[in-house]
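Undergrad: As a plain string of letters, each chain reads:
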Amino acid sequence: MDKRETGEQILRISGTEIRKCMKCGKCSGRCPAYREMDIKPHQFVGYLIKGKTEKLLESEAIWHCLSCMACVERCPRGVAPQGVIEAVRTTVTRMQGKNGISAEDIPPIVDELIPQQLLVSAYRKYNK
Amino acid sequence: MRISYYPGCTLKTQAKDLDRYARVSAQVLGVEMDEIENWQCCGGVYNTSRDEIATKLSALRALEQAKRNGGKLLTLCSACHNVIKRVNDDAKNDENFCAKANAYLSFDEPYRGETQVIHYLEMLRDEIGFQKIAEKIVRPVKKKIAGYYGCLLLRPSKVMAFDNPENPSVLENFIEAIGGDPVRFPMRNECCGAYVSFKDKDLTAKRSRLVIESAESAGAEIVVTACPLCLYNLRKNGGGKIDVVYFTELLAEALGVKENG
Ligand code: SF4
Ligand code: SF4
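Protein chains in written order, with this note's numbering: chain A, 1227 to 1354; chain B, 42 to 302.
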């Protein structure tokens, strides 16, 4: 897939109408992971509109998004910035060797109280 | 009343308390929870990417079974509820997904989102009624209790349709019904830090701390939740100032059946 096709694929699976965005920044203002993100939620939308696909694919923010849906709930234009972030992360993890976590990362994190839900969720979000 | 029930993996392992106190309480309230057969893990999280199909099939299998067994599916874990309700919405409204998933699963009759997914709290509110629950309370839990919703029960509200997403009330009404004093605190519908601890444990720790501090400064003595991951994160990172328990534990206590759980 070339850059344009990848951008189109991200747009298609994001499930949201990015052109409705009015750049108010409310999504980023409400994002609990804002400080940890190199590209902010409203920028995911903006970059996708502008076709800055490579920047999106290199983003570290995809690993920090909590999928809390606060940005989606609170966007005054009905846009889903989380949908764009998820589309980028899904596109990245589907690439060969681009999983977010490896098996060796797990043992140090696991303690005796860890819920199975956390292991399953993290694997689903970060790996393919 | 009999109702098909989906417990989920965590309720069979780390979060047995959430499940067993729900079951003994349901008995007192006249509800028989019928665990569906051969259910599989819901996957814990819903992937919003429109071309995801395989990760949603286990939820569909549970939904289809419930369709043939009463038409309702009761959930308890917030994460299972979120995943199953959203997959059900896809089955109902996303034709492309519905066609592909049905072609793969080949049920006797295609599944198109007919099942009604209800969370245990919705069952208490809508099927039984808090008034009726209040009448059955034998040991009121006389404490200042903070109801923590987190994200998964409420958002996205267009699909979840659980409560007012910015000013919910079901947990507070529940707390009143069991004799407690509900504490509304600003962070009650903000994220605990979820699964991100796998990539950035400081971020999860920070979010959980903020939730606990918010509950504490509002005067809470105890926090209740419906989510095993919220409970884990809040207990681990909250500094141990206030305990966090499953709402079903307090329900069983108030109904006088905690020992049976
Ligand atoms: S809140 Fe909505 S409209 Fe505002 S910047 Fe974010 S996506 Fe755009
Ligand atoms: S879903 Fe992700 S981007 Fe949106 S508010 Fe939550 S953490 Fe931020």
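Just so you know, the hints here were simulated from the structure itself, not pulled from any lab data. Hints may contain errors.
[To be verified] Computed cross-link-like contacts, DSS-like style, restricted to lysine-lysine with a CA-CA straight-line distance of at most 25 Å:
1. A/K1246 / B/K53
2. A/K1354 / A/K1229
3. B/K242 / B/K282
4. B/K53 / B/K184
5. A/K1276 / A/K1229
6. A/K1252 / B/K247
7. A/K1354 / B/K240
8. B/K199 / A/K1354
9. B/K108 / B/K133
10. A/K1281 / A/K1266
11. B/K53 / A/K1324
12. A/K1252 / B/K108
13. B/K141 / A/K1354
14. B/K108 / B/K199
15. B/K240 / A/K1281
16. B/K184 / B/K282
17. B/K185 / B/K53
18. B/K199 / A/K1266
19. A/K1266 / B/K242
20. B/K108 / A/K1266
21. B/K113 / B/K173
22. B/K173 / A/K1266
23. A/K1249 / A/K1324
24. B/K242 / A/K1249
25. B/K53 / B/K133
26. A/K1324 / B/K242
27. B/K183 / B/K299
28. B/K199 / B/K183
29. B/K277 / B/K242
30. B/K282 / B/K57
Undergrad: Each hint needs a verdict: does it hold in this structure or not?
TA: Hint check results:
{"no.": "1", "hint": "A/K1246 / B/K53", "result": "violated, 44 Å"}
{"no.": "2", "hint": "A/K1354 / A/K1229", "result": "holds, 21 Å"}
{"no.": "3", "hint": "B/K242 / B/K282", "result": "holds, 20 Å"}
{"no.": "4", "hint": "B/K53 / B/K184", "result": "violated, 29 Å"}
{"no.": "5", "hint": "A/K1276 / A/K1229", "result": "holds, 12 Å"}
{"no.": "6", "hint": "A/K1252 / B/K247", "result": "holds, 21 Å"}
{"no.": "7", "hint": "A/K1354 / B/K240", "result": "holds, 16 Å"}
{"no.": "8", "hint": "B/K199 / A/K1354", "result": "violated, 28 Å"}
{"no.": "9", "hint": "B/K108 / B/K133", "result": "holds, 13 Å"}
{"no.": "10", "hint": "A/K1281 / A/K1266", "result": "holds, 12 Å"}
{"no.": "11", "hint": "B/K53 / A/K1324", "result": "violated, 32 Å"}
{"no.": "12", "hint": "A/K1252 / B/K108", "result": "violated, 40 Å"}
{"no.": "13", "hint": "B/K141 / A/K1354", "result": "holds, 20 Å"}
{"no.": "14", "hint": "B/K108 / B/K199", "result": "holds, 22 Å"}
{"no.": "15", "hint": "B/K240 / A/K1281", "result": "holds, 20 Å"}
{"no.": "16", "hint": "B/K184 / B/K282", "result": "holds, 15 Å"}
{"no.": "17", "hint": "B/K185 / B/K53", "result": "violated, 30 Å"}
{"no.": "18", "hint": "B/K199 / A/K1266", "result": "holds, 24 Å"}
{"no.": "19", "hint": "A/K1266 / B/K242", "result": "holds, 20 Å"}
{"no.": "20", "hint": "B/K108 / A/K1266", "result": "violated, 42 Å"}
{"no.": "21", "hint": "B/K113 / B/K173", "result": "holds, 21 Å"}
{"no.": "22", "hint": "B/K173 / A/K1266", "result": "violated, 48 Å"}
{"no.": "23", "hint": "A/K1249 / A/K1324", "result": "violated, 31 Å"}
{"no.": "24", "hint": "B/K242 / A/K1249", "result": "violated, 31 Å"}
{"no.": "25", "hint": "B/K53 / B/K133", "result": "violated, 29 Å"}
{"no.": "26", "hint": "A/K1324 / B/K242", "result": "holds, 21 Å"}
{"no.": "27", "hint": "B/K183 / B/K299", "result": "holds, 16 Å"}
{"no.": "28", "hint": "B/K199 / B/K183", "result": "violated, 35 Å"}
{"no.": "29", "hint": "B/K277 / B/K242", "result": "holds, 11 Å"}
{"no.": "30", "hint": "B/K282 / B/K57", "result": "holds, 24 Å"}
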